[in-house]
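Enquirer: Based on the sequences and whatever the hints tell you, model everything.
Protein sequence lines, in the order shown, are assigned to chains Y and G. Take the position in the first sequence, starting the count at 1, then add 9; the result is the number in the numbering used here. Oh and the second sequence: position 203 is 197 in the numbering used here, straight run, nothing missing.
Honestly, the hints are just simulated from the structure, not real lab data. Treat the hints with care, since some could be wrong.
What the hints assert, rightly or not - Straight-line alpha carbon distances no greater than 20 Å define the calculated EDC-like cross-link-like pairs of lysine to aspartate or glutamate that follow:
(1) K99/G x D66/Y
(2) K178/G x E111/Y
(3) K284/G x E111/Y
(4) K29/Y x D63/Y
(5) K203/Y x E36/Y
(6) K84/Y x E14/Y
(7) K94/Y x E36/Y
(8) K178/G x D63/Y
(9) K178/G x E36/Y
(10) K178/G x D66/Y
(11) K202/Y x D180/Y
(12) K178/G x D89/Y
Here is what each chain is made of, one letter per residue.
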Amino acid sequence: MAKIETLDANLFYGDFHALKNISMQMEENTVTALIGPSGCGKSTYLRLFNRMNDLIDSTRITGQILVDGEDIYRKNINVDELRIKVGMVFQKPNPFPKSIFENVAYGLRVNGEKNKSYIEDKVVQSLKQSALWNEVSDKLTKSAFELSGGQQQRLCIARALAISPSVILMDEPASALDPLSTAKIEELIHELKKEYTIVIVTHNMQQASRVSDYTAFFYLGELVEYGQTVEIFTKPKLKHTENYITGRFG
Amino acid sequence: MISEKRTKIEKSKKRSEQIAFGIFRAMSILVVGILFFILGFIVVKGISVISWDFITKMPEDGMTKGGIYPAIIGTFCLIGGSILFSFPIGVMSGIYINEYATNGKLVRFIRLMTNNLAGIPSIVFGLFGMSLFVNTLGFGDSIIAGSLTLGLMTLPVVIRTTEEALKSVDNSFRHGSYALGASKLQTIRRVTLPIAYPNIITGLILSIGRVSGETAPILFTVAAYFLPKLPHSIFDQVMALPYHLYVLATSGTNIEESRPMAYGTALVLIMIVLILNLLANALRRYFSKKVKMN
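Expert: Written as structure tokens, this is what we have:
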């Protein structure tokens, strides 16, 4: 069974048809890159998986999105629980104005975890997983705002990991970072893939080819081509895809 | 030829620049000057009567001697009472308007009404308070009636500052919280409000200034002309500094003799507002530090 399955999904912002008849499957423990020019709907598509589009007024969705075989848009679903299972890292690092420790502990606390030693263990474990532990182990009580942009983004990844999701959505996670920080994030994605299913939106073609197993090319709200990253980047089936990847338009 | 024209333009630009900034500077100095003049005037006229007895003793001899202790206590009661009433209600309304209400029409209506509320003259609030709290609800002239009236008057300020404070919190914080499975209420309590607190405190500061100085709303609802004892419950009448000042200046038993005491009262009132503002500012700084912005 596919980890995430999309069946004929459509999304409308008011009258604007932003996603058109999208159907695709994503396997467990893989990295899928969503690429395409600005406004093609790739970020909107990503936000379907943890229902972040719910926060925008006047959106309408048809079709089905299944995570672990469960329709996440059915009635009576607990959206908070979905968001525990499907974590998200945003384009701009957005740590809370709290200490480094409290940032990572936040998700546990709001989901009712009271056990202090469990929280402590989980925070340390998550910071290690996001390769930030060595840099912050001696300043956990300091403000998260004292960290560099790249460190903040890894903190946001640790924050997402702390509540043990099985899917992690990344919305251009490195676009606001310098090349060195970007390399660290990409390394991290390689590591995380062993335990998580990752969907990443990126504008950076090299990044997509470096980190992902599968690539989906979106254009004007449609899924143009979807396949193994190696295939898409070496012998795309459609001229349109090739043009975008090689930078002839976009 | 061209360069000559250029220098001419540059010269005239420079001149108008100098004139404009000269005027701006003069205006700001004028404002500060007036402020200092008022303060200086009050201090010079009032400092002579300020003593420990003045702020801890009851008025004596038809308010021409003794102190203003009951009026000070009365003003503190009214500040505390009105904030206890307006703050929770105002902050909760502000949260509702900015965080929950999705109906644009309803929000616009609430906003229109609060703006109108802010524009009502304070004497009208006094009249309303007398009719509702003093007579209809039967509280009589009392701390509770005065506090509710003053609270009602400051409500728009608290609502607006709360709303603005919440509006200035970047949405990325909220989204980050939702993405971790937090509910709306949890997000507001743990992320949005703590970030907004320092600015909400600004509303508190403005309210304190307004409440401590207003005379009209307390005129018919709580203020006593002469009452040389302290209140025992919230249903008692009290003296209050602004009204006491009015009495001493215009309708005391011996206006000429109580004149210095009027200035002394004004000075005490100004000092109280100043000290409370400083306290509120410290509170503001405390909350800024607590949310670890940097």
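Enquirer: Give a verdict on every hint.
Expert: Here is what the structure says about each hint:
With a C-alpha separation of about 15 Å, the suggested pair K99/G and D66/Y falls inside the 20 Å cut-off, and the hint holds. For the proposed pair K178/G and E111/Y, the alpha carbon gap of about 19 Å is at most 20 Å, so the pair holds. Among the hinted pairs, K284/G with E111/Y is consistent with the structure: their alpha-carbon atoms are about 12 Å apart, no more than 20 Å. Proposed proximity of K29/Y and D63/Y is supported: the alpha carbons are some 18 Å apart, at most 20 Å.
Restraint check for K203/Y and E36/Y: satisfied, since their Cα atoms lie roughly 12 Å apart, inside the 20 Å limit. As the CA atoms of K84/Y and E14/Y are separated by approximately 18 Å, the hinted pair is consistent with the 20 Å bound. Proximity of K94/Y to E36/Y is assessed by CA-CA distance (about 16 Å); at most 20 Å being required, the pair is judged to hold. The suggested pairing of K178/G with D63/Y holds, with an alpha-carbon distance near 13 Å, which does not exceed 20 Å.
With a C-alpha separation of about 32 Å, the suggested pairing of K178/G with E36/Y is violated against the 20 Å cut-off. Note on K178/G and D66/Y: the hinted pairing holds, with a Cα-Cα distance of about 16 Å set against a maximum of 20 Å. Of the pairs offered as hints, the one joining K202/Y and D180/Y holds, with about 16 Å between alpha carbons and a cut-off of 20 Å not exceeded. Proposed proximity of K178/G and D89/Y is supported: the alpha carbons are some 10 Å apart, at most 20 Å.
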